[in-house]
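Novice: The lines below spell out each chain.
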Amino acid sequence: MDIAWLAPVLPAAAFFFNVLIARQLGRFKHGVAAAAAIGSIVGAFAVFLVVFLDAQAHLGGPAHAGGIKLAAPSLQEEAELPRRLLFDHIPWFSVGRWDFYTTLSVDWVSIMMLGVVGFLASLIQIYSIGYMRGDNRFWWFFTVMSLFCAAMLGLVLAYDFLLMYMCWELVGLCSFLLIGFWYQERDNAEAAKKAFITTRLGDVGFFIGLAILFLQTNTFRMDEIFEAIDAGRIDPTLVTVAGILVFMGAIGKSGQFPLHVWLPDAMAGPTPVSALVHSATMVAAGVYLIGRAYPLFVASPVTMAVIATIGTITAIFAATIALTQRDIKKVLAYSTVSQLGYMVMALGLGAYTAGLFHLFTHAFFKALLFLGAGSVIHSMEPVLHGTGKSPNDVFWMGGLRRRMPITFLTFVVGSLSLAGIFPLSGFWSKDEILVGALDAGAWVPFAVGLVTAFLTAFYMFRAIYLAFFGAERWRLAVAGSGPVTVAHAAGGGVIALEGPDRDTTARHGAATATVDTQDVPAHLEAGDHGGQGADHHAAPHESPWVMTVPLLIISVPAAIAGWLNIPGVFTAFGDAIYYGEVHHEGLNLAVAAAGLLAGVLGIAVATIMYWKPLLSPVAVGASFPRLYRLLYNKYYFDEMYQWVIDHVVLGISGLAAVFDRKVINEGVVDRPAMLTSRLGYWLRFLQTGRTYNYAFAFVVGILVAGVVLAGFRPDFLQASLW
Amino acid sequence: MNSRGDAGVGYLSGTVLAPFISALIIMVIPRRWPWAIRLVATAGSGLTLVLSLLIFVGYDWQRAGFQFQELYEWIPELGIRVRLGVDGISVPMVLLTGLVIFTGSIVSFKIADRPKEYYALLLILVAGVFGVFVSLDLFFLFFAYEIAVLPMYLLIAVWGSTRKDYAAMKLTLMLVAGSVLVWVGLLAVYVQSGASGAGISSFDIEALASPQVQRLFSPSFQNIFFPIFFIGFGVLAAMWPFHTWSPDGHVAAPTAVSMLHAGVLMKLGAYGCIRVAVFLLPEGARFWAPVFLVCGTVAAVYGAFSALAQRDFKFVIGYSSVSHMGYVIVGISTLSLVGMSGAVLQMFAHGIMTALFFALVGAIYDQAHTREIGIFGGLARTMPWFVGFFAIAGLASLGLPGLANFLAELLIFLGTFQTYPIAGVLCVVAVAVTATYILRLVGRSFFGPFNARWGGLHDMLPNEWIAAGILVVTLIIVGLYPAPFMNMINASSLPIIEKVGGVR
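Line by line, the protein sequences are chains A and B. If you count by the numbering used here, then the first sequence holds residues 4 to 725, one letter each, in order. If you count by the numbering used here, then the second sequence holds residues 3 to 506, one letter each, in order.
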């Protein structure tokens, strides 16, 4: 147990090693940095395994859960086991009566996250060897990844709010550096900035909340704060206020409405980053924070209602945006936002186990989906290179399933799991959330949950059909850059697969038709092979094994992680991670059926729209042009915020700057300075140059000074003159 | 029998004399030997750095109080003596000054225009700064204070850039106006301490703070003279609304002068506010604290927003200094132990950070001859070290955990929430604005497409690299292991807070 501190320390050591030493190694720096980063995170995963086995014996929890127990204490011992082991409580510094500590703890929640982070970070970094190959800042990628892992593992183990906040900011920094990894593109740099500042807004609330709690309890240690709340030593209103403020941190970090805007833009980073930082771990930190500080939130029904409401809104809000996105990573990003909303909603409704269980399963299948998308992008990139088309755009993909079978299969597994199809992971965790919502009597969240499940299944399979099925539309793009092609004739190479306008539909009828057929039209084949030279634009192909093997490995937990908590059968997860008392949702067949039906229905609708063209997506889009535009433009949130920044924030700052220059500087400083010099000009005329004038003034001055000094301070006169 | 803290009597006068004697030596070195001038300057400032490190290590925080004391008679008839001594508030300042002058003189190697006069003035200035931080006698403190302020005029007017005459004149006049106020206050305190024959007519800080003298400072006396002191010193700390010399001054000053100025000189003002105003006139402090708290809060928010609108690197950093020194004023004005300790740590952390900033801006300005943010782009590609160091300074500025500034701000905010929650909220909001202008600057200049126009810029030179490295390492060490600082700051803030009757 007490080696858990090594988990964050190993990657931290790798970070410093890479910055200070690896960088100096010239052309070897890339290999060395990657080796150090991967070695350290695999080491951290090994630490997790040791801690996990150790915890079996020393922590209360899943003792009666069979199966995964390796070192079982007897039942009597079990009852006396603590739920949490503080293993590190080091004084850091003191001010007055306040001592600041760094406190770490191990309990089942942190062990769970330790495992998720260690496992995914290891595989994703291995995958990155392939994905980032050839990048001239390869070493920097692994260096920042190590710092991220260190901060994230520290966040997971932190048991006082100060340490947690520090790690929370550090993962934010890493997110900034990784989103802006390809900083030469202006958009990426902007996205990085946006991510940092948006989350910082949430952190303003987080910090104020922490300050309130600290001043009430004189400690940052979580257990002491929670104890004070339980004992009613803090004014309930303050608990509510502090709870909502702390939750603001989670809103920012986990991309909850209305601070969700940064997360889709964060996809500007390399895809492994999206998989690790922006889907599985860092963005889940907000949910983790809610889980960690649950007593703070549970203590106030108002806070819980706020959390549930924000989660519910986010879940459906983001899912609707995902329906129309063309960028495969943005689809996944909005899906992440939506699923995080699901978790937040569950926690807000009191379904503690369900919320964290969904966090657990989601981490695997969403990381898998991102890595799959990365694999697709990695192979599209050289194909579309030079055509001006984004390799992320599903409209320019198509037919990839035969060219990238492993990626295709694992992507489908992840999507089915996310869509909540029995018996994959997502089914179990989503079902538990729905049952939890029903138990809480919360009909609206329950209904929203079902609708979101339907939408989720739909947009995932829309993406699958567009990317992996149908015609190989990338040929159109490639041909479109050639001299004479059909795409030119169809209007500048824009394909209307769907859209708000009937007009474009009509104009691009020919191109749309290609979607509906499995075979690539002959003239496109000719456009590729004739004239241009086929070597110029290679066809997409499966990614190297260093990428596909991690895909295959992660697809296993993506499929079966949900089996860790099957109601009535095997409930190890719920036995270990619960709030208050162990609470197993019974298997509610009606809810399970409804959830499954929603998922199947979503897949079915996607199928008839994007695979078997019974229902033209173009026609659907054109029937609701306003709605389509609204969704495609993400409810215009970015535009709204941009307006606020341009007119309010920059307005205030411009005012402050002008006020400073004009009023304070010119009015208060320069003006008196000018008056003084003018005064000096007039006073010149007192300088007559006549000796008797000066002598007179001199004598009067002496007399006045002498009288004043003698009158008021005779002792002073004595002291200084004699 | 030398216990810790008494060891090495003579260190304090050493910190004053080392730069002063170096300046004298430089004055007699022939002009045609610039290398000798640099050598003496580096050796002299290196010696002061070593001395200040020895003082830092040797200070015994458990005994608190003034240590390393030295006493020389000066004008005994008037009770004026040179009494030196440091406590836990001045020791970090001494260390800060040592670090900044050493790094400042090594980045000044490239000064080609009259290096002799430049270094001589710089070192005299630093001798004055040390004099203020180690003095326990108000007269000598003021004397040193003036020595620290006046060379600034020549340094900016001769070696500066961008409206240098205007900026130098404005800076000097405003600072002198501030010191006139201080002088008025000093005389008042001196005279009052000898009132009605019972007193001692002394400039000695400890004597003035003793209960029998404090008795003579009636509440109305304190209420009149506290703001005179606080504003007088506050001008040098760029306290809003007396800050306007600072952005112009920073912009105009040459690199090392900016470093010293923002890094150290502004701290002289804040130090005076604590050591003289609050310490000697606690009643007045209690009365006026809310007013100055408002000034500090306004500075924090207003400085941050103003920085957001700037287009020149140095103006951004200049306004950011106004904002960050606003936190210091806020921390002092909370009159709480945590706030005061945070303010002192912030003085140290901000000094290091802003010196780093100015060193870096100087490094790029010397090559590009412009400091306009929008004009650069993608510099990260060709100047990775420069951008890395700059990013660390920026992250320190926006309060990233792991760097010293985070802890300082944390303590200030906790102290503020404890006493004036609304000001606390505003300060935290200002931090978010800080993040915005820092990232905007970094994003515009260092990220984005590489601007081929700047292809000829080279990365950091070895001397700049060493200077920046020293400063960055300091920020990280203090950020991760603040205990040595906090212990001494805390121990010496406590008596002040007890005297004021503030929140402990």
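Hints are computed from structural coordinates only; laboratory data are not their basis. Keep in mind the model is a prediction, meaning the values are calculated, not measured. Be careful, since some hints might not be right.
[What the hints assert, rightly or not] Now the in silico label distances, taken between C-beta atoms and shown as ranges:
| hint | chain 1 | residue 1 | chain 2 | residue 2 | range |
| --- | --- | --- | --- | --- | --- |
| 1 | A | V585 | B | W387 | 17 to 27 Å |
| 2 | B | P221 | A | V711 | 24 to 34 Å |
| 3 | A | D673 | B | P423 | 31 to 41 Å |
| 4 | B | Q214 | A | D233 | 47 to 57 Å |
| 5 | B | R313 | A | G391 | 43 to 53 Å |
Every residue, glycine too, gets a C-beta built ideally from N, C-alpha and C.
Novice: Give a verdict on every hint.
Specialist: Hints and how they fare:
1. A:V585 <-> B:W387: 17 to 27 Å: For W387 of chain B against V585 of chain A, whose Cβ atoms are near 55 Å apart, the range 17 to 27 Å is violated.
2. B:P221 <-> A:V711: 24 to 34 Å: At roughly 26 Å between Cβ atoms, V711 of chain A and P221 of chain B fall inside 24 to 34 Å, so the hint holds.
3. A:D673 <-> B:P423: 31 to 41 Å: holds, 37 Å
4. B:Q214 <-> A:D233: 47 to 57 Å: Given about 52 Å between the Cβ atoms, the range holds.
5. B:R313 <-> A:G391: 43 to 53 Å: violated, 33 Å
Checked against the numbered hints listed earlier, the structure breaks hints 1, 5; every other hint is satisfied.
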